[in-house]
Amino acid sequence: MADFDLGAAFIPALHKPAELLPIAKHREALLYLVETSPVTIVVGQTGSGKSTQIPQFLERAGWCADGKIIGITQPRRVAATTVALRVAEEFGCEVGKEVGYSIRFEDVTSGSTRIKFLTDGLLIREALVDPLLSRYSVIMVDEAHERSISSDILLGLLKKIRKKRPDLRIIISSATLQAEDFRNFFSEPKEQKEGPDGKQNDDIASIISLEGRTYPIDILYLETPTENYLEKAISTVFEIHTNEPKGDILVFLTGREEIDQAVQAVAERSAQLRAGSQSILPLPLYAGLPADQQMYVFEEAPENFRKVIFSTNVSEASVTIDGIVYVVDSGFVKLRAYNPRTGIESLTVTPVSKASAAQRAGRAGRTKPGKCFRLYTEETYQSLPDSTVPEIQRSNLAPFILQLKALGIDNVLRFDFLTPPPAELMIRALELLYSLGALDDYAKLTRPLGLRMAELAVEPMMAKTLLSAPSFGCLSEILTIAAMTSLGGNIWIQHEGEKKKTESARWKFAAEEGDHLTLLNVYQAFVTKGRKESRFCHENLLNFKLMERAVSIRAQLKRYLERFGINVDESLAPHSTSAPASNKAEQIRRCLTAGYFAHAARMQPDGTFRNVSGTTVLHAHPSSIMFNRKADWVIFHEVVETGNKTFIRDISRIEKAWLLEYAPEFYKSS
DNA sequence: GAGCACTGC
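Taking the UniProt record's numbering, the leading residue of the first sequence gets 1, the next gets one more, and so forth.
Hint data in this document are derived by calculation from the structure and do not stem from the laboratory.
Note that this is a predicted model, so its numbers are computed, not measured.
We treat Cβ as the ideally placed atom computed from N, Cα and C, and that holds for glycine.
There could be a bad hint or two in this list.
[Unchecked claim] Computed list of lysine-lysine pairs in DSSO-like fashion (alpha-carbon distance at most 27 angstroms, straight line):
id, residue 1, residue 2
1, Lys371, Lys246
2, Lys584, Lys645
3, Lys645, Lys630
4, Lys368, Lys232
5, Lys500, Lys668
6, Lys532, Lys545
7, Lys645, Lys500
8, Lys508, Lys529
9, Lys368, Lys25
10, Lys160, Lys508
11, Lys584, Lys656
12, Lys232, Lys354
13, Lys164, Lys334
14, Lys558, Lys545
15, Lys97, Lys68
16, Lys159, Lys444
17, Lys246, Lys232
18, Lys371, Lys501
19, Lys584, Lys529
20, Lys500, Lys558
21, Lys500, Lys532
22, Lys656, Lys645
23, Lys584, Lys558
24, Lys371, Lys232
25, Lys159, Lys68
26, Lys668, Lys656
27, Lys334, Lys354
28, Lys164, Lys68
29, Lys501, Lys532
30, Lys630, Lys508
31, Lys558, Lys529
32, Lys545, Lys500
33, Lys532, Lys508
34, Lys584, Lys444
[Stated by the list, open to error] Label-pair distances were calculated between CB atoms; the ranges are:
id, residue 1, residue 2, range
35, Glu665, Pro166, 43 to 49 angstroms
36, Gly565, Arg629, 20 to 26 angstroms
37, Glu239, Val129, 54 to 60 angstroms
38, Pro216, Lys529, 29 to 35 angstroms
39, Lys668, Ala555, 38 to 44 angstroms
40, Leu384, Lys25, 53 to 59 angstroms
Given the sequences, and given the hints that come with them, work out the whole structure.
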């Protein structure tokens, strides 16, 4: 008998030893399937070890002979890096050697790399250079069930590539509900091998299921529907707090406003709880939250506190919080929708799908048995769609159509999509690309313009603006504006109750001509006066991480242009507001019009904007310098509809005549 | 006079 000292403090292992993971006992079966069938669909929950173990099994089984490599795609950058780090550690190598990763701005691979993790978008880009992805012996598409546009397109490409490269092995990792969809996709059209009983040909794609989770989760429904899920969520939190044993709570809501409201309400009500009992620590979590405030969510709650996290969908897949025992699911999510007729994107509160509800519930039982409180009835649950409408069916497809064309897929309408997007969406995208000059009368990619637009890592209208910039003599400035507008986030840090401060910080950089010139001023100040330091950002309430990112994006775009043989002259004096520069400002606005003519609007006497056809009322977004300012004609970067208002963001003044000058075809009838 | 789900090249 071993002489255990039960009083000793045990330190839990940082990682579960690989041989204890459920996947270990499926190793032989898995390798057999990959050997014998071109496509293997692996069904397994988070924590089954599929992302970390499968690549190592394959490497040991000889799939990297002849210098070929194993590629594993992830939908997110963080996943690609963290999984690579972990596999490198298990493999016993430095990351970047036998095991590496590649994401935008960071290529941590070398000649000796055999197992490579990368984002799905980046693998599509690799196909531009190497159409058959010939370096890879196996490609594993991880988290395919999330159905991101990139992974959907990647699957379509892989299906095509497979026909020319029978040696290529494809592995798709998926959640249970959708495994059959993937198999059907790759098995179509049923080839001659179809059996006499009409049974589908299983030779192409096989499914293997890995053991699921270890801890059970109780699902509880409401007996009668609620009219106010926010209020119900708050009261449920208190019910759990008083009736259920220890364990943190995760509440799924739809957005920032709701979350802030809930956090405040819980803080107020818990203050009224009698002293002595355990207290509640309510915390918000959404992607827009500054990084330092997000950190609290991962820290252990102080003694005698129960952590309650009110979160958006970030916690459904992207972020994992330890110690969650209870999940409260509002049953709703904000989803992007795209109206092909107006070209307007909207964010709409939508009921979740069954798959999404399962994913949310699963967040409860990661470390011990858990409970999930669904704020809807079981009947409502039954009426929910099985899965969320894939992103590809509700997005602006122009950037992806451009990529497909550059990959040599001319007939995009007949591309083999996992689920085809509505024809209207495709037509709208083709029309836009045609008006920008990326496609010719036969819908063929133009050269060099269209091809270059496809290669630039910015959306088509900005790509056109960039490629037009040399003729306006403002390439250096447009490069900066392109980098700043493609950040996808607010560069201004908004502290609670300090709106005034943010506003005055912003006005220091304000340009009369609009937001694009203001962004240019901010960047110029950051790299010159601010010496790219965080102190400058701190003093001016700017998001340092985003500013650093802008520097990277700008450098990357500049490299692309130089590869096209376009010289970027940075020797000119930095932008200033002095007299000779005003001509430069006009050139910049003219150049922006050459790319953004489709996003033009005119201010009405009541201060709102109307698009050119006059059909849509648009409001300047409160984050814009043009908010509550007088203007006539403007162009804008993007339009977003929320609730019942349609906002335009990143706005600059232009002259009406410029629209006719740079887009005569587009505006000839008006 | 008032506001933004989440990714990615």
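Hint check:
no.	hint	verdict
1	Lys371 - Lys246	12 angstroms, holds
2	Lys584 - Lys645	34 angstroms, violated
3	Lys645 - Lys630	20 angstroms, holds
4	Lys368 - Lys232	25 angstroms, holds
5	Lys500 - Lys668	44 angstroms, violated
6	Lys532 - Lys545	11 angstroms, holds
7	Lys645 - Lys500	24 angstroms, holds
8	Lys508 - Lys529	13 angstroms, holds
9	Lys368 - Lys25	23 angstroms, holds
10	Lys160 - Lys508	53 angstroms, violated
11	Lys584 - Lys656	19 angstroms, holds
12	Lys232 - Lys354	21 angstroms, holds
13	Lys164 - Lys334	41 angstroms, violated
14	Lys558 - Lys545	20 angstroms, holds
15	Lys97 - Lys68	14 angstroms, holds
16	Lys159 - Lys444	23 angstroms, holds
17	Lys246 - Lys232	21 angstroms, holds
18	Lys371 - Lys501	43 angstroms, violated
19	Lys584 - Lys529	21 angstroms, holds
20	Lys500 - Lys558	36 angstroms, violated
21	Lys500 - Lys532	25 angstroms, holds
22	Lys656 - Lys645	25 angstroms, holds
23	Lys584 - Lys558	20 angstroms, holds
24	Lys371 - Lys232	17 angstroms, holds
25	Lys159 - Lys68	20 angstroms, holds
26	Lys668 - Lys656	13 angstroms, holds
27	Lys334 - Lys354	15 angstroms, holds
28	Lys164 - Lys68	17 angstroms, holds
29	Lys501 - Lys532	22 angstroms, holds
30	Lys630 - Lys508	19 angstroms, holds
31	Lys558 - Lys529	22 angstroms, holds
32	Lys545 - Lys500	22 angstroms, holds
33	Lys532 - Lys508	18 angstroms, holds
34	Lys584 - Lys444	35 angstroms, violated
35	Glu665 - Pro166: 43 to 49 angstroms	46 angstroms, holds
36	Gly565 - Arg629: 20 to 26 angstroms	40 angstroms, violated
37	Glu239 - Val129: 54 to 60 angstroms	57 angstroms, holds
38	Pro216 - Lys529: 29 to 35 angstroms	59 angstroms, violated
39	Lys668 - Ala555: 38 to 44 angstroms	39 angstroms, holds
40	Leu384 - Lys25: 53 to 59 angstroms	34 angstroms, violated
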